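**Q** Sequence:
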Amino acid sequence: MSEDLKAVRKMYRGQGDAPFEFPEELLCGRLVKDRVLRYGENPGQSAAFYKQIDVKGPSLATANIVKENPEKKLSYINLLDADAAIKVIRRFKKLYPKEAVSTIIKHANPSGIAKARTMLGAYRTARDCDPISAFGGVVGFSDEVNEEVAEEVSQKFVEVLVAPDYESKALEILNKKKDLRILQIESLDKPLMDDGFEYRSVQGGVLVQQRFQSRIDSKDNLEAVSKRKPEEKDYRAAIFNWAALPFINSNAVVIGDENKTLGIGSGQRSRIHAARLAVYYANTLSKDPAGTKGKAMASDAFFPDRDSIDLAGICGIEVIVAPLGSINDGKIIQAVDEYGMVMFTTRPIPKDRSLCERAFSH
Numbered sequence: 140m141s142e143d144l145k146a147v148r149k150m151y152r153g154q155g156d157a158p159f160e161f162p163e164e165l166l167c168g169r170l171v172k173d174r175v176l177r178y179g180e181n182p183g184q185s186a187a188f189y190k191q192i193d194v195k196g197p198s199l200a201t202a203n204i205v206k207e208n209p210e211k212k213l214s215y216i217n218l219l220d221a222d223a224a225i226k227v228i229r230r231f232k233k234l235y236p237k238e239a240v241s242t243i244i245k246h247a248n249p250s251g252i253a254k255a256r257t258m259l260g261a262y263r264t265a266r267d268c269d270p271i272s273a274f275g276g277v278v279g280f281s282d283e284v285n286e287e288v289a290e291e292v293s294q295k296f297v298e299v300l301v302a303p304d305y306e307s308k309a310l311e312i313l314n315k316k317k318d319l320r321i322l323q324i325e326s327l328d329k330p331l332m333d334d335g336f337e338y339r340s341v342q343g344g345v346l347v348q349q350r351f352q353s354r355i356d357s358k359d360n361l362e363a364v365s366k367r368k369p370e371e372k373d374y375r376a377a378i379f380n381w382a383a384l385p386f387i388n389s390n391a392v393v394i395g396d397e398n399k400t401l402g403i404g405s406g407q408r409s410r411i412h413a414a415r416l417a418v419y420y421a422n423t424l425s426k427d428p429a430g431t432k433g434k435a436m437a438s439d440a441f442f443p444d445r446d447s448i449d450l451a452g453i454c455g456i457e458v459i460v461a462p463l464g465s466i467n468d469g470k471i472i473q474a475v476d477e478y479g480m481v482m483f484t485t486r487p488i489p490k491d492r493s494l495c496e497r498a499f500s501h
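Here our numbering is used: the first residue of the sequence shown is 140, the next is one more, and so on.
For the record, the hints were derived by calculation from the structure and aren't laboratory data.
Check each hint, because a few of them may be wrong.
Stated by the list, open to error - Computed cross-link-like contacts, BS3-like style, restricted to lysine-lysine with a CA-CA straight-line distance of at most 30 angstroms:
#1 Lys317 - Lys190
#2 Lys233 - Lys190
#3 Lys212 - Lys226
#4 Lys426 - Lys237
#5 Lys372 - Lys237
#6 Lys211 - Lys245
#7 Lys426 - Lys226
#8 Lys195 - Lys206
#9 Lys295 - Lys212
#10 Lys432 - Lys470
#11 Lys308 - Lys211
#12 Lys226 - Lys329
#13 Lys195 - Lys212
#14 Lys226 - Lys358
#15 Lys329 - Lys245
#16 Lys206 - Lys329
#17 Lys233 - Lys206
#18 Lys211 - Lys226
#19 Lys358 - Lys212
#20 Lys368 - Lys358
#21 Lys237 - Lys295
#22 Lys212 - Lys368
#23 Lys366 - Lys490
#24 Lys237 - Lys195
#25 Lys295 - Lys233
#26 Lys372 - Lys212
#27 Lys329 - Lys358
#28 Lys233 - Lys211
#29 Lys470 - Lys226
#30 Lys372 - Lys470
#31 Lys245 - Lys233
#32 Lys372 - Lys426
#33 Lys226 - Lys295
Stated by the list, open to error - Restraint-style ranges between C-beta atoms, simulated for each label pair:
#34 Lys172 - Lys368: 54 to 62 angstroms
#35 Tyr151 - His412: 47 to 55 angstroms
#36 Gly183 - Ser293: 43 to 51 angstroms
#37 Gln294 - Arg177: 22 to 30 angstroms
#38 Gln342 - Pro428: 43 to 51 angstroms
#39 Lys172 - Lys233: 26 to 34 angstroms
#40 Asp193 - Arg263: 34 to 42 angstroms
Everything numeric in this text was worked out from a predicted model, so none of it was measured.
All C-beta atoms in this analysis are idealised placements derived from N, C-alpha and C, irrespective of residue type, glycine included.
Please put together the full structure from these sequences, using the hints given.
**A** Structure below.
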């Protein structure tokens with residue numbers, strides 16, 4: 140194991156397994172103004188949405204505005220959150236094509252993600268992950284919104300709905316909500332066809348990177364490094380909660396089971412603070428009576444010390460999933476074993492023990 144850990148640490152010093160050759164000059168494609176927005180992140184900031192004309196598949200660029208109050212049009216933050224919702228439901232629908240998926244987004248981060256046999260069940264569970272933060276959120280649905288879902292959504296204040304389709308009776312109900320905005324996206328079965336890059340404006344230039352796509356799709360992409368042998372439910376919980384991390388601001392820690400997130404600790408400067416925040420949400424705000432007990436904890440990067448593991452063990456967490464790469468990996472795994480937990484590390488290429496997948500997002 141020690142040689143494997145050294146190999147993983149080298150990964151963070153290089154360019155990865157397949158570095159992309161960026162051109163000397165970059166054309167970002169033809170952008171056409173789609174609409175002027177109500178305002179930017181704050182009133183007084185002008186904002187507009189420009190879309191690439193050649194984009195196909197489920198995205199903001201191809202979405203239709205089904206309902207919008209002329210006196211309260213979509214804002215910059217509304218579209219930012221709607222984009223995050225589309226990304227979440229697209230990823231989870233790919234992982235779980237036979238189930239309904241829902242997410243609630245606030246300030247570009249999910250407050251809850253859930254899957255269920257029905258759209259109503261998925262929405263209720265996602266909402267109940269953090270009922271307080273769900274207020275005034277953007278709700279994403281992987282499947283058609285029907286009448287009973289519309290009735291349920293109408294009981295709470297929601298800013299924007301995003302779904303591939305809506306029943307006519309559902310729209311009759313939702314149209315009664317004066318300020319609710321409704322977006323219809325293309326089917327999640329369709330592939331997204333754009334340039335595949337992400338752009339971040341900085342003063343004097345633009346940062347460009349390939350869009351991150353997690354490769355942790357099945358148990359073959361997880362390696363158990365603990366003494367305790369994993370059960371099938373442990374793999375399922377690890378995969379679900381790891382899938383949430385790329386859509387959460389780092390440092391991020393997620394606590395949940397195989398069907399839902401319960402506690403999301405996002406945007407923290409230290410990993411232990413992200414873990415503490417996730418525990419707080421899971422045990423205090425979620426409607427799961429068991430809280431953290433028996434759940435999985437996923438971390439978007441390696442644990443620098445055992446403090447987060449001690450917290451997890453004390454709180455009854457049973458499954459840990461995180462990449463390796465810390466100089467303290469040995470101590471981390473030892474701590475996991477002391478508490479009798481299962482620990483997985485992420486293997487984007489099965490059996491290649493020199494690589495672990497990290498899921499930072501900023």
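**Q** Are Lys195 and Lys206 close enough, with their CA atoms no more than 30 angstroms apart?
**A** Holds: Lys195 and Lys206 sit about 22 angstroms apart, inside 30 angstroms.
**Q** Next pair to validate is Lys233 with Lys211; report whether the Cα-Cα distance is within 30 angstroms.
**A** violated, 33 angstroms
**Q** Between Tyr151 and His412, is the Cβ distance one that fits in 47 to 55 angstroms?
**A** violated, 22 angstroms
**Q** CA of Lys317 to CA of Lys190, is that 30 angstroms or under?
**A** holds, 27 angstroms
**Q** Sort out whether Lys358 lies within 30 angstroms of Lys329, counting only the CA atoms.
**A** The hint holds at about 25 angstroms.
**Q** Can the suggested window of 22 to 30 angstroms be confirmed for the beta-carbon pair Gln294 and Arg177?
**A** holds, 25 angstroms
**Q** Is the Cα-Cα distance between Lys237 and Lys295 30 angstroms or less?
**A** holds, 27 angstroms
**Q** Starting from Lys206, check that the Cα of Lys329 is at most 30 angstroms away, please.
**A** The hint holds at about 23 angstroms.
**Q** Given the hint that Lys432 pairs with Lys470, test it: the Cα-Cα distance must not exceed 30 angstroms.
**A** holds, 23 angstroms
**Q** Taking 30 angstroms as the top limit, are the C-alpha atoms of Lys372 and Lys212 close enough?
**A** Judged against 30 angstroms, a Cα distance of about 44 angstroms means the pair is violated.
**Q** I want to verify a distance hint. Is the separation of the beta carbons of Gly183 and Ser293 within 43 to 51 angstroms?
**A** violated, 32 angstroms
**Q** Given the hinted pair Lys372 and Lys426, is their alpha-carbon gap at most 30 angstroms?
**A** holds, 21 angstroms
Checked against the numbered hints listed earlier, the structure breaks hints 19, 22, 26, 28, 29, 35, 36; every other hint is satisfied.
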